[in-house]
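**Q** Work out the full structure: start from the sequences and follow the hints.
Number of protein chains: 2
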Amino acid sequence: MLAYATTSPTPIGYPTGQTAADPGDLWSTATRQTFARNRAIYSEGDRADRVFKVVSGAVRTFQLLEDGRRQVNAFYLAGEMFGLEATGDYRFSAEAIVASQILVLRRERLSTRIASEPALMGDLWRMTASELERAQAHFALLGRKSAVERVASFLISMGERTGTNGAIELPMSRQDIADFLGLTIETVSRTMTLLEERKLISIPSARRIVIRDRRPLMALDS
Amino acid sequence: MLAYATTSPTPIGYPTGQTAADPGDLWSTATRQTFARNRAIYSEGDRADRVFKVVSGAVRTFQLLEDGRRQVNAFYLAGEMFGLEATGDYRFSAEAIVASQILVLRRERLSTRIASEPALMGDLWRMTASELERAQAHFALLGRKSAVERVASFLISMGERTGTNGAIELPMSRQDIADFLGLTIETVSRTMTLLEERKLISIPSARRIVIRDRRPLMALDS
DNA sequence: CGCAAACTTGAGCGTACTCAAGCGCAGTGG
DNA sequence: CCACTGCGCTTGAGTACGCTCAAGTTTGCG
Chain A
0 MLAYATTSPT PIGYPTGQTA ADPGDLWSTA TRQTFARNRA IYSEGDRADR
50 VFKVVSGAVR TFQLLEDGRR QVNAFYLAGE MFGLEATGDY RFSAEAIVAS
100 QILVLRRERL STRIASEPAL MGDLWRMTAS ELERAQAHFA LLGRKSAVER
150 VASFLISMGE RTGTNGAIEL PMSRQDIADF LGLTIETVSR TMTLLEERKL
200 ISIPSARRIV IRDRRPLMAL DS
Chain B
0 MLAYATTSPT PIGYPTGQTA ADPGDLWSTA TRQTFARNRA IYSEGDRADR
50 VFKVVSGAVR TFQLLEDGRR QVNAFYLAGE MFGLEATGDY RFSAEAIVAS
100 QILVLRRERL STRIASEPAL MGDLWRMTAS ELERAQAHFA LLGRKSAVER
150 VASFLISMGE RTGTNGAIEL PMSRQDIADF LGLTIETVSR TMTLLEERKL
200 ISIPSARRIV IRDRRPLMAL DS
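Chains as they are written, first to last, in numbering that gives the first Met the number 0: chain A, 0 to 221; chain B, 0 to 221.
Keep in mind that the hints were calculated from the coordinates and are not lab data.
One thing to keep in mind: the hints can contain errors.
Derived CB-CB ranges, DEER-like [as the list claims (entries may be wrong)]:
no., chain 1, residue 1, chain 2, residue 2, range
1, B, R36, A, G44, 40 to 46 Å
2, B, Q32, A, E185, 19 to 25 Å
3, A, T163, B, E196, 49 to 55 Å
4, B, A146, A, D212, 31 to 37 Å
Covered stretches of chain A (in silico footprint by chain B; criterion: 3 or more residues with CB under 8 Å from a CB of chain B, positions within the stretch not fixed) [as the list claims (entries may be wrong)]:
no., segment
5, 77-86
6, 115-125
7, 128-134
Listed below are several chain B residues computed to face chain A (Cβ distance under 10 Å; list not exhaustive) [stated by the list, open to error]:
no., residue
8, W26
9, V71
10, I113
11, P117
12, M120
13, F179
14, I184
15, E185
Note that this is a predicted model, so its numbers are computed, not measured.
Built from N, CA and C at the ideal position, the CB exists for glycine as well.
**A** Take a look at the structure:
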C-alpha cells in the first residue's frame, strides 16, 4: 500500500535508462527533531516552508470544523513523508501521536538540492502522486463503506504498513481511529469487539490487535 | 478553489527568479479527442500512459466496489486536468458525463518535453499537490458532515468553479452527485428540496440550480 | 496505591437508507 | 395533436445503522 518508491512504467522527469538519485538521500541534510506526544508539528495556517519524514513514532494530520468535529486525514508511520501537499500555507495540522523523531527539511534547501539534481523533482512528484492515490482510495471507505468494513480496512492496512502482519501495535487512540474512519469512538470500540466475537481478531490490550483470520477480514475490506 | 497555477511561496524545482514555462503550453502538442456521454476515457487497470485536460464538457472519476457501490472521486470541468495521480495502472476509472472534448497527452511525450524543460516537472508537481489538497479537503465532507452540509458544500463549490455564481448548470445526474457526496440519490433529492423550501436555492429545473441566499448556505458549508 | 484518561458497554434515538410509487419531461410514433 | 414510452427525479413510509448520552471498567502513570 505504501510503495513510495514505486517507479512509473514511463518515468517522467529524467530520460529512460538514467536512474534518479535515491529519494532517501534527500534527507541527508535534514535536521532531526523530537516531538512529544500530542505536540503540534505544524498548524493550519502556518506557512508551508518545510517537508517532513518520520524516523520513529507516528503522526496524524487532521482538520477541525468550527464546531470541533475533527477529521483525521492520514497517519504517518516510520519511513513515511508528509507535508508534501502544502503549497502556500498548511491547510491541515500535524501532531505527533506518540513521542516521535522527525526529519525536517526546509523547502529552500530542497529547492537548492533540486536545482543541482533535477531528477529529485520527479521523485517528489511521484511521492505526491502516490499520496494522492492513497487519499482517493480512502474516499470509498468514507463515502460508501459500513462501520465493520471501515474498521476491517483499517486493521488490514495497519497490518501491512507496520510489516508486523498479525500482531499490530496501534500508536493511536480509539478517538484518532474514529476521526480517521468517520465514525464515533463508541462505534469503533463496538466494532472491534464484534470482530473479536467473530474470532477474526483478538484484542490482548486496547492498543494491541492480533489478526486471527485474515481472509474474511479482507473480504470485508471489499 | 481551483487555483492550479498557484505559485508556492518558495518555488521548488527551479531557481528563484527564473519563471516556469506556462503549464498550459504543455498541451500544445496534445491531441484533442471527443467523448460521447457516458463514454469511458480510461478504466481501472488500464496502463496509465496518458494525462488529460478538459476542453469542454465534464468528466467524473470513480471507483466501484465488488457489489456495485460506486464512489465518485472527483468531477473535472473545462480547464481542469486529471489522470495525474496514476503511476503504474489507473486505479480509478474516468468517464465523460456529457459529450466532452478532452486534450490527451501521452506520458512519453510529456517526458520528452520535461527532459528539455525541467521546470515543467515542478509545474506537474504543484498541480498534483493542489489536487491532493482538494482531495484531503473532501475528507471532512465525507467523514464528518451531514447531508445538508454536503449538498450545500457541493453547490457552493460548483458555483465557484463554473464562475456562474448564482445560476448553476449541473452537467451531472443526481446519482453522480450522490456517489460523490457519499449519499443516496433520494437523500440528495430530498435535501435539494429542503434547501429550496428554506429559500436558500431555487430549482427551475433539476439540472439548473439558482443560489438565492449564499450566506446561510456557506454557513452550512462549515 | 490512587487518580485521570482511555476504553467498553448499554439504552434509546435520529438521520439517512431501503423499498416503492408517482411525477415530469423529452423523444417517438400513430 | 396527443398517446405512449423511458428515464431521471421526487416523494412517501418504514427501517436500520450508527450516533448520543450515560454509566461502568480498565489501563497507565505519578
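**Q** Measuring from the C-beta of W26(B) to each C-beta in chain A, is the shortest one below 10 Å?
**A** violated (15 Å)
**Q** When the nearest CB of chain A is found for E185(B), is that gap smaller than 10 Å?
**A** violated (16 Å)
**Q** Between the beta carbons of Q32(B) and E185(A), is the distance compatible with 19 to 25 Å?
**A** violated (51 Å)
**Q** Return holds or violated for the Cβ distance of T163(A) and E196(B) against the range 49 to 55 Å.
**A** This hint holds: roughly 54 Å between Cβ atoms.
**Q** For the hint on M120(B), just tell me whether its beta-carbon gets within less than 10 Å of chain A.
**A** It holds, given that the least Cβ distance between M120(B) and chain A is near 4 Å, below 10 Å.
**Q** Taking a Cβ-to-Cβ distance below 8 Å as contact, does the segment 115-125 of chain A have at least three residues touching chain B?
**A** holds (count 6)
**Q** Using the C-beta atoms of A146(B) and D212(A), is the stated range 31 to 37 Å upheld?
**A** holds (36 Å)
**Q** Using a Cβ cutoff of 8 Å, are there at least 3 residues of the segment 128-134 of chain A near chain B, or does the coverage claim fail?
**A** holds (count 6)
**Q** Does the closest beta carbon of chain A sit nearer than 10 Å to the beta carbon of P117(B)?
**A** Constraint on P117(B) satisfied, holds at 4 Å.
**Q** Going by Cβ atoms only, is I184(B) closer than 10 Å to chain A?
**A** Since chain A brings no Cβ nearer than about 14 Å to I184(B), farther than 10 Å, the hint is violated.
**Q** At a threshold of 10 Å, is the proposed contact between I113(B) and chain A supported by beta-carbon distances?
**A** Check passed: Cβ of I113(B) comes within 5 Å of chain A, closer than 10 Å.
**Q** For the hint on V71(B), just tell me whether its beta-carbon gets within less than 10 Å of chain A.
**A** Holds, about 8 Å.
Of the numbered hints given earlier, the model fails hints 2, 8, 14 and 15; all others are met.
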